[in-house]
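K.L.:
Just so you know, the sequences run in chain order A, B and C.
The first sequence: position 23 = 23 (this note's numbering), numbered continuously.
The second sequence: position 111 = 111 (this note's numbering), numbered continuously.
The third sequence: position 122 = 122 (this note's numbering), numbered continuously.
Read the hints as simulated data drawn from the structure, not as lab findings.
The reader is advised that the hints may include incorrect statements.
Derived lysine-lysine pairs resembling BS3-like cross-links, with alpha carbons at most 30 Å apart [to be verified]:
id : chain 1 : residue 1 : chain 2 : residue 2
1  : A       : 341       : C       : 111
2  : A       : 222       : C       : 111
3  : C       : 111       : C       : 21
4  : A       : 338       : C       : 111
Just the calculated beta-carbon pair ranges, DEER-fashion [to be verified]:
id : chain 1 : residue 1 : chain 2 : residue 2 : range
5  : B       : 358       : A       : 160       : 49 to 57 Å
6  : C       : 144       : A       : 172       : 37 to 45 Å
7  : C       : 112       : A       : 178       : 20 to 28 Å
8  : A       : 176       : C       : 19        : 55 to 63 Å
9  : A       : 338       : C       : 199       : 18 to 26 Å
As the structure is a computational prediction, the values presented were derived from the model and not from experiment.
Beta carbons are placed, not taken as given, at the ideal position from N, Cα and C, and that holds for glycine.
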Amino acid sequence: MYRPEHAVTNGSELRERGELGGVFSAKSGRLLANCALLLVIGAAIAATPVLVSDFVLLQIVIKSLWLGIAGSSLAFLIGQAGLISLAQTAVFGTSGYLMAILVLEHDVGIWVAVAAACIAGPVAGLIIGIISQRSSGLYLMMLTLAIGVFVFFFAQQYQPITRGHTGFNGFDAPIIKGVNLQEREPLFYVSAIAAVGVVILLRLVAQSPAGLAYRGLRDNRKRLSALGYSTAATTVSAFAVAGFSAGIGGVLAVWYNGAISPGSIDIARIIELLIVVTIGGTIRLEGAFLGALVVTLLRNYANEFTNRTSTLVGAVFMVIVLISRNGLLGIFINARTKAHKAIKLFGGQRLKAKQPYPQTNP
Amino acid sequence: MQTNNFKPLWRLVTLLAVFCLVIAACGNDDDNADEPPLAAQATTAATAAATANVPDQPSAPSEPTEVPSEPTPRTQEITIGAISTLDGPFAGLGDFSMHGVKLALMEYGGVLDGSGTRDGVSGASVAGVPIRLVIEGSDATPDVAVEATRKMVEQDNADIIIGPLSGDEGLALKDYIRDIPAVTLVNGTSASQDLTLRDPAPNVFRFGADGAMWAYGVGTYAYEGLGHRRIATIAEDYSYPYDQVGAVLTEFCAAGGTVTDRIWVPLGTQDYSSFIAQIPDDVDAVFFAMGGTDAINFVKQYDDFTGQAIPLIAGPTAVDQSVLTELGDRAEGMISSGPVVDDSGLANFNAFAARLDEVFDGQTPNIFNVYYYIATKSALAALEMVGGDISDGSSAFQAALTDLRWDTPIGPVYLDENRQAVVDIYLREVQDGAQVTIDTLPQVNATLGFERDSYIAKGSFSRNNPPCG
Amino acid sequence: MARRLLGVAVAVLLAYYAVSKSVEIGDRSLLVLLNGLTAAGLYFLMASGFTLVFGLARVTNLAHGGIYLLGGYGALSVQRTTGNWFLAVMLGALFAAGVSLVLYLLLRLLKGDDLRETMLTLGATIVIADQTLATWGGIPTDLAPPSFLTGSIHLPGSPLLYPKFRLAVVALAVLAGLLLWVLLYKTRLGMLIRAGVDDADMVSVLGIRVPLVLASVFMLAGALAGIAGAAGGTYLSLAQGEDNRILLASLIVVIAGGLGSLRGAGAAAIIVGLVEAFAQTHHPVLSVLITFGSLIAILVLRPQGLIKGATHVQA
């Protein structure tokens, strides 16, 4: 049977990888520390625009944020539900295009268009989910690739709606009560809040009973359906949830680029999203943002060391895949686990691993 | 689930975090209102202009006052950023473009840093001001082109941008560069009509022709010179071929000819056989407009399938010198119009060809190296006219560019009111693998000689515009 | 039952539509048919290797398009020095087989982790594409066909021409199919491969050195892709981006046919080739949408493709 690389066998392993609720899963005594951590994150976000140049803020940080938001939808699908979807750029593109079309072709108010785009994300996810509800594993990957490429070609060929190859230029991000989102700092804060919001939302879903069903889908489809769950309905709902964050990513990307064209969702972009998520690692949603940051940095600065940027990107990607089961995040978490074990060895107090969960796989 | 007991607390924490974020965001926003001098240089002007959305004012007088905290403008160095397609399907054309840029800089004392495409040129100077070259590549998508250009403008402080290569990249860069009046874009080979024809930007200059101008004259010649009455067209399905087909049909239909089929091939097609099968038997000629790989695939397959029983008339880039070698004998005798011919005999052209051959080891002139050379050299010439001083927000420099007239390797050039060049176009035929002149069509303008307002009112060329007959 | 009836009704309608459209263009529909078969030939050369690797090693080799390009460019270099097309194809195929072997050795490091293996091949395809750009440049180019396959022949009973080389591609694909059949059903290696597709664990328990079998299948697949690259490089062209185009096309074929099934790949290659040629002729502007739309439709109706291939893959 098909098993994603992180299909796990017992709970303590899960815990060691920080999967179950991540930092929140430990004793309640650590909550204070967690709260402090979040405050630090908040402070870091607040301080970012002061610390980095305007250019880095826009082209590295904001870009990584929206790419990470789009990537988190894929990280959610892979990490939680074991669904490798290459159709997330299709969702992303649907939302972005819808907003651009409504504003630039039909003179619809920007906020109505944004709302429509945010709804279009889960709806597109739902449709993709319905189409692919019976597939799994590598078949699902190929089916969603076909959907992703179909949407790209639709954007390129169906001119009455999409303006063909040229796409939409000159899209101005909105102004909220005098705060102009075409400026970098406001756009950064909006993107950062959106990123935090998306991660929180996806984690809430992951910790709900639905999330349990998703992991059932990932680890053992047969057992899931034996428990009375519909694998089809579970698949469809996972796609819809992921569609929401891909749609937000699409909206932010159009604000960032001021444009959308078939080139924004072509096969290179489909592959790039997969690379982002794989480099980051899928055991935690935050991996997508890490991956987005690494890819964005490579794309912007690698050509200062080499004439062959793409070879470097590809090679870095291959090395990370070869050395880590879970991308960069996996490397960090491994290192942390090892450090903890070392502490334990020297008599440090560590919480005991709980009783192992019953094995989900023989 | 074992995390259930933490749920309420978890919610509380998240709420708290978001609250912190919002507070932090607003607080910081206020702080930064006093901060702009920190983020000095071009970026300040960029954001300021973006906010104010300054209209068509190349020399906006308010501009310098918005950036008061710059006592010493960058007189020590001027940076030229060149962008072309260095990745993806058009990567080979990107190499040609950079040859042109580097040749122009070498005429101003520059020395090649190395033989790689991304290796720059150092030591060039204009009126005693050193010129620095930075090079960025795109993959022909607008998003990547804008990011690469933004990097050159903001990170490398580029004052002048040379490029881009493809049409839709040009349109995207126009929107970006319009908001930064102090930065000047001199177009490379982007041939989209609307880079300059409709809604032009004051700091965008094109010293070459657009796609429609490149195809000028061949429609009339097909009707009058070759006696064709019915033609079919086959072309890639996007804006640049629309412009070429549009220009040809505008003339051909005005002369009295008719078009039976307009076949549009989706980008990304490699096997043209089923499109070739749609070409009717009873036409006098087939006009095809394609570039790079597509041109080679199409001509080869058309030749295999029909033996060229119905003659081909080529679009300007379809038989450009950059693909002519690969087309080989199949291109012999093909008629086209375009900007570059090998037998013009112009002294500047011969000098350019000789330098190209010498510096870049056997390279020959084509649209890409010639156009990027002209763009770069125009920029350098205008810089020379203002003594290398662009400290006034480039307004004197842009004025000098606007008034610039010079004899390029492919003929005399000057700009119209939209900063679009009026150029010579050649009617040409492929003979022994070279483009040979049939006729020179002097002073072709952006409206192909038609009255301006009515020409613009006809709308952009598309799959079925212009109508014919 | 109702579903089957619906299926039959849709099939009849499509057939009626196809026939009526074909009648409209008269004997040109023969061209459409042949164009479809030529494309099918190239797709089959690609898809057969892809599907074998998948069936046996359970690797979705996304670098298959890159290997196609390497085989083609390798052949080009040989042809430029020796002028011999056949030698070029052989050495090109050998080169592609070698690269495929290296890829297999890298993949072994991952010990059968599906997703990571797929990702590794994805990384490889990026590196390969960039290296072909560095080595052979970005200007599109092609191989010259051998002299006796240059030019065209008249189709019997019509004034239409058809290029000889394209017919040769169809013949080549048929030949490859036959040889593969002989290899799989008449040789010991083939027996091992088939056994490995059915139950890899059992084969290794029997004391067979599975890695050797796997390595030979990877090399076989690489060689097929290399031959496809040389053939495609002859009647189409070699250029940046061709790797993704051909990869997408062969993925469609493999998926529609059923991953791991050679017969499925053959059937799907013909269907995809014909649908594509038909759509390009009658609905040029929307042709790509029709091709991908049909694939989606097939997968919605039959999630494991036309012919159920390597069954153990599905949960």
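K.L.:
Is the distance from the Cβ of residue 144 of chain C to the Cβ of residue 172 of chain A consistent with 37 to 45 Å?
P.N.:
violated, 53 Å
K.L.:
Straight-line Cα separation of residue 111 of chain C and residue 21 of chain C no greater than 30 Å?
P.N.:
violated, 52 Å
K.L.:
Is 55 to 63 Å respected by the C-beta to C-beta distance linking residue 176 of chain A and residue 19 of chain C?
P.N.:
About 59 Å separates the Cβ atoms of residue 176 of chain A and residue 19 of chain C, which means 55 to 63 Å holds.
K.L.:
Please verify whether residue 341 of chain A and residue 111 of chain C have alpha carbons no more than 30 Å apart.
P.N.:
Satisfied, since the Cα-Cα distance of roughly 26 Å is no more than 30 Å.
K.L.:
Can the suggested window of 18 to 26 Å be confirmed for the beta-carbon pair residue 338 of chain A and residue 199 of chain C?
P.N.:
For residue 338 of chain A and residue 199 of chain C the Cβ distance comes to about 38 Å; the hint is violated.
K.L.:
So if I understand the rule, the pair passes when the alpha-carbon distance is 30 Å or less; does residue 338 of chain A with residue 111 of chain C pass?
P.N.:
holds, 23 Å
K.L.:
State, for the Cβ atoms of residue 358 of chain B and residue 160 of chain A, whether the hinted interval 49 to 57 Å holds or is violated.
P.N.:
Since the Cβ atoms of residue 358 of chain B and residue 160 of chain A sit about 52 Å apart, the hinted range of 49 to 57 Å holds.
K.L.:
Below or equal to 30 Å on CA atoms is what counts here, so check residue 222 of chain A against residue 111 of chain C.
P.N.:
Holds - the C-alpha atoms of residue 111 of chain C and residue 222 of chain A are around 25 Å apart, at most 30 Å.
K.L.:
Between residue 112 of chain C and residue 178 of chain A, does the C-beta distance stay in 20 to 28 Å?
P.N.:
violated, 58 Å
Comparing the model with each earlier hint shows violations of hints 3, 6, 7, 9; every other hint is respected.
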